[in-house]
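Chains X and Y are the protein sequences, given in the same order. Just so we're aligned, residue 1 is where the first sequence starts under UniProt numbering, counting upward by one. Just so we're aligned, residue 1 is where the second sequence starts under UniProt numbering, counting upward by one.
Watch out, some of these pointers could steer you wrong.
Here are the computed lysine-lysine pairs in the DSS-like style, where the Cα-Cα straight-line distance is at most 25 Å [said to hold, decoys possible]:
| id | chain 1 | residue 1 | chain 2 | residue 2 |
| --- | --- | --- | --- | --- |
| 1 | Y | K123 | X | K426 |
| 2 | Y | K34 | Y | K191 |
| 3 | Y | K191 | X | K391 |
| 4 | Y | K215 | Y | K191 |
| 5 | X | K391 | Y | K123 |
| 6 | Y | K191 | Y | K204 |
| 7 | Y | K215 | X | K426 |
| 8 | Y | K204 | X | K426 |
| 9 | X | K237 | Y | K382 |
| 10 | Y | K123 | Y | K191 |
| 11 | Y | K215 | Y | K85 |
One-sided excerpt, in silico: chain X residues whose CB lies under 7 Å from chain Y [to be verified]:
| id | residue |
| --- | --- |
| 12 | V140 |
| 13 | A213 |
| 14 | N226 |
| 15 | A228 |
| 16 | M235 |
| 17 | Y243 |
| 18 | E249 |
| 19 | K426 |
| 20 | L440 |
| 21 | D441 |
It should be emphasised that the hints constitute simulated quantities derived from the structure, not laboratory data. Given the structure is predicted, the values throughout are model-derived calculations rather than measurements. Beta carbons are placed, not taken as given, at the ideal position from N, Cα and C, and that holds for glycine.
One-letter residues, chain by chain:
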Amino acid sequence: MTPFRDARIADAFAVPLAAPDDFAGWRGQARRLLMADVPPDRVTWHMPGEGGGDLFASGRRLPVPRADAPQPRVPRAFLDLAAKAALHRDEGRFALLYRLLWRLQQRPGLMEDEADADVRQLHRLTRTVRRDMHKMRAFVRFRQIGSGEDERYIAWFEPEHHILRANAEFFVNRFAGMRWAILTPQGSLHWDGAVLSEGPPASRADAPAQDAAEELWRRYYGSIFNPARLKVGAMLKEMPRRYWKNLPEAALIPELIAGAQAREAAMVDQGGTMFGEERPGSLPEIAQAIMACRRCPIGCNGTRAVPGEGQSDPARFGGLIIVGEQPGDSEEEQGRPFVGPAGRLLRAHLEDAGLDLSRAWLTNAVKHFKFVPKPMRGGGKRRLHQNPTAKEIDICRWWLEGERALLRPRLVLALGASAARSLLGKTVSVQQVRGQPMPLDDGSELWITTHPSYLLRLNDGPRAQEEGRFAGDLRAVAARLAELAG
Amino acid sequence: MSQPSLIERLGILADAAKYDASCASSGTTRRTSKDGAKGGGKAIGSTEGMGICHAYAPDGRCISLLKILLTNHCVFDCHYCINRKSSNVRRARFTPQEVADLTMAFYKRNYIEGLFLSSGIVKSSSHTMEQLIEAARILREEHEFRGYIHLKTIPEADSELVTRAGLYADRVSINVELPTLAGLTRLAPDKNAATIEGAMDTVKAAIVEAKDACKRFKSAPRFAPAGQSTQMIVGADGASDADIVGKASRLYGDYRLRRVYYSAFSPIPDASAVLPLQRPPLIREHRLYQSDWLMRFYGFAPEEVQQAAGTDGMLPLDIDPKLAWALKFRDQFPVDVNRAPRETLLRVPGLGTRAVGAILSARRHRTLRLDDVARLTVSIAKLRPFIVTADWRPTLLTERADLKTLIAPPKAQQLELFAA
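If we strip away everything but chain X, and leave its shape as in the complex, we get (with noise of 0.2 Å):
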């Protein structure tokens, strides 16, 4: 009797294999079956711990090949998915990897029609398989036991699939000079350095409940996350709800997502969107928002504010914006800008260099007037002048940048550090910068020099010095101005 013959007599072959990711035991027998010419609805195949034995086929011997048949031809591509898909779990996977081999000794081309059934269940196969080792490699964690020469690293994971043994080499490469385990419910795999061995089924007991670094690892995990953009879909897809029992990290993720919308707004509140997109449309306009501006410290004090004044007819603007650092006692008081001493000293120096004051617009780079109460001798309070922040100048220049916009000025000139950081965004030092103009981004120039006050508290000697610079760097600015008027 032929094996041919007896393989069509027979209802079907029950071929045994070792374990459920035997796939070297699969291929031998499937090159046998083949030779013997045995069709794919003929042969069932069996696992330790999968399903039940096939009652009708138990106990036939498997056929013997002739000896003349011919070698069994497969593309690489097949036998390259086919070592994936055998780890799968679903238990059709050896007779899908057989038909797929019987149907290709017909039409060697089938691999590549990935429109064919079975072709694109082996795909899929081989990509879950691809992706649950891949899930394996990124979500196993190691608690540390033991330390100095009994440091070990053991970890506790739960694969989908048979892949335990076909991540060893994984593992094994990347902590090759670390003693470590990783226990499964299907196995386990022990490195000691220098030899990997597997041991068997193990539970969740096995492994250390816990290791001091998880409580530094968490705390990344929360920090790195960023609470205004909020993708808990995204997460999910990647990292599935039924890894977490394993992930020290997952544990904080329903607090985070529930915390992120709290913590946006509490962003939003500190800055970011503290102005809306559209400035106000005039200057009077600005003077009366800025009466209600609380948006830092220094517009909460209680204070009025003091709005810029001065030419706003364009037609008899000259182009000059003189912009001081913020309202003094004075000026609160009469609500409007260097009306003080050291606006005194400055219209002064004004007139002199010819800047015609009639013709430019008066401001500061912080409306609110910034103090600490004073307490003077035989009672009563005076209010001691206080430089704002660089956040408070940066704020309030929301402003001053509508100002602009609104007057268009050729020249801005600066009077000290806070209106130079207040158009340019930046701390500069003005004695270094001072007498040279400076592009701005509306296309105007910008000019820096000391403020006024600056010069009231020097004493004789060195006031005089710096009057002078004072005055020399005005008569630049009316230069330049004249020039740009053309």
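Given the coordinates of chain X, assemble chain Y onto it according to the supplied hints.
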């Protein structure tokens, strides 16, 4: 002043690093901890061609690397940056040794693929760069670390230091920060576009030189095998999508970048008021990545991506740029899936590179019908108006005025929670 504890500093310096979009650990050479087992086999770490994402945060981003700053002290004052000098955030710093130890502790527990180290500028740019390099040196030389290292390069540092960084790092990056010169001047007043691009050029030259040396000498040192990348902030200045696409393609060309990352400007705590901005919709960032893909994998020229944008230079937010392009150039469709060359198939909205590969391979064995194409692709509904198969020809569908609504029905618009 006493330093906060290690865990506190980790919180501060990770928080400060989260605005950097990149966390990629891919594209470097393959290495294992068994290679060249000298030093008693103490080595730890390996790299595959493909990176591994070890966790995902609720913002949907992959966590692949330990991404931290060495310090968030900074002498610069860039308005979009939470670490700028004038910001009130809590400050902290790590020593290079602490960074190396933390990296090893995380790596050995399989939390990460490696380290992405950046820093605020302290003392000087060169001093800061030296500290970054020192952390990488400790990892490579003292811990025999073979995992992935990405170093952010400080453009103002000595070019000699930038080159040294590449000897330890898999990837180096320099952020161009803003797509326009005006934006950079306004929002990053201490930075200089010429310096940034100069540093990119230095890195490019070093990469080319090292590649060349590797061809001739087997033992030539590797230089940043995963190349260099950069990041642009989207929505902080007035740049349109067309501007950004143009800038990105120029950077890819001039400096042979591996990746340009786009980061939608995100509200930061203690923001500078110079940013009177709404945050741009996150989808805008996504559309820019899609257009980036079109240029890198789909054979689109930058001008063609720009054609997909509207007259204001902005890509449509409701449909992807490939579909937008197809709707503008309807005379290019329908495409016969049984005959069209690869380049033409790649232009069909709804066909990805994988699907195109499958079609090319499958059509050698059969004449494709609509059902076959449906099995090879994700959504046949989106595809139908643009293709011809053995049993299907769209009836002038591409000339219908309502084509866009047919393919991409308008979604209910979710209102911005924090709209101004």
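Okay, the hints, checked on the actual structure:
no.	hint	verdict
1	Y/K123 x X/K426	holds, 18 Å
2	Y/K34 x Y/K191	violated, 43 Å
3	Y/K191 x X/K391	holds, 20 Å
4	Y/K215 x Y/K191	violated, 37 Å
5	X/K391 x Y/K123	holds, 22 Å
6	Y/K191 x Y/K204	holds, 20 Å
7	Y/K215 x X/K426	violated, 48 Å
8	Y/K204 x X/K426	violated, 31 Å
9	X/K237 x Y/K382	holds, 23 Å
10	Y/K123 x Y/K191	holds, 16 Å
11	Y/K215 x Y/K85	violated, 45 Å
12	V140	holds, 5 Å
13	A213	holds, 5 Å
14	N226	holds, 5 Å
15	A228	holds, 5 Å
16	M235	holds, 4 Å
17	Y243	violated, 10 Å
18	E249	holds, 6 Å
19	K426	holds, 4 Å
20	L440	violated, 10 Å
21	D441	holds, 6 Å
This entry does not satisfy hints 2, 4, 7, 8, 11, 17, 20, going by the numbered hints stated previously.
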